[in-house]
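Given next are the chains, with one letter for each unit.
Protein chains: 2
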Amino acid sequence: MKVAYKIWIDQNGKAFGDGPYELLKGVEKTASLHKVAHQMGMAYSKAWRLIRTTEQRLGFSLLDRKVGGKSGGGSKITPQAKEVMLCYGRFREEANGAIERIYQKHFSSLNTSPKRKRS
Amino acid sequence: MKVAYKIWIDQNGKAFGDGPYELLKGVEKTASLHKVAHQMGMAYSKAWRLIRTTEQRLGFSLLDRKVGGKSGGGSKITPQAKEVMLCYGRFREEANGAIERIYQKHFSSLNTSPKRKRS
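Protein sequences, first through last, are from chains A and B.
First residue of the first sequence? That's 763 in this note's numbering, and the numbers climb one at a time after it.
First residue of the second sequence? That's 763 in this note's numbering, and the numbers climb one at a time after it.
Read the hints as simulated data drawn from the structure, not as lab findings.
Treat the hints with care, as some may be off.
Claimed, not checked - Below, a sample of chain A positions facing chain B; criterion: calculated Cβ distance under 8 Å:
no., residue
1, LYS764
2, ALA766
3, ILE771
4, VAL829
5, GLU845
6, PHE853
7, GLU856
8, ALA857
9, HIS868
If you're wondering where the values come from, they're calculated on a predicted model, not measured in any experiment.
Note that CB positions come from ideal geometry on N, CA and C, so glycine has one too.
With the rest of the complex left out, here is chain A:
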């Protein structure tokens, strides 16, 4: 028995969760949404739509896209994206810990004495 959950930020619908967070963390590292989508086994078109929808719901840009140039283009996260990633990353970490702790507090006694159904 264990606790499970999905958690996200809602604004005009599902606005920001683990998906966009992981994509943006990857872009921060690699400067390429193409690379990150590939690494995550996600179609580029899907990654792009996810970022686009997230931008629309949040109301600000997440990626600055450079097209072409010497380095062949790429993406950079915006300062606003960085800010929301910081908030979300800290929020997720603390929420993960709290949910697990509260689950243990209320369910540990139930866990130790499973009552099987007669069959």
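Using the hints provided, position chain B relative to the given structure of chain A.
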């Protein structure tokens, strides 16, 4: 902007969440899964399947069913159901509060200064 989440107990799959909890709370009050399903706008067959799946995943019975008799049958929650409901109810209440508090802690500064996308 607000936080949103789904939370449940996993055991061999999604085992116990708000759905079974609300159904069982209703049966505790009305002694009838029929009545509760109707009140919740849920088909009886769906309510019954949900209880059945939950029992299979948890490994114990949740409802004692009386068939016929002077009162025309009905359902009673089992002691094990009562136990898991108590754990879950307390867990949910504390987890709700914690998630909201942690969200406010990390996102309140972002909320107060929305940066709109230029368009």
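Cross-check of the supplied hints:
no.	hint	verdict
1	LYS764	holds, 5 Å
2	ALA766	holds, 4 Å
3	ILE771	holds, 6 Å
4	VAL829	violated, 19 Å
5	GLU845	holds, 6 Å
6	PHE853	holds, 4 Å
7	GLU856	holds, 5 Å
8	ALA857	holds, 5 Å
9	HIS868	holds, 4 Å
Checked against the numbered hints given earlier, this structure breaks only hint 4.
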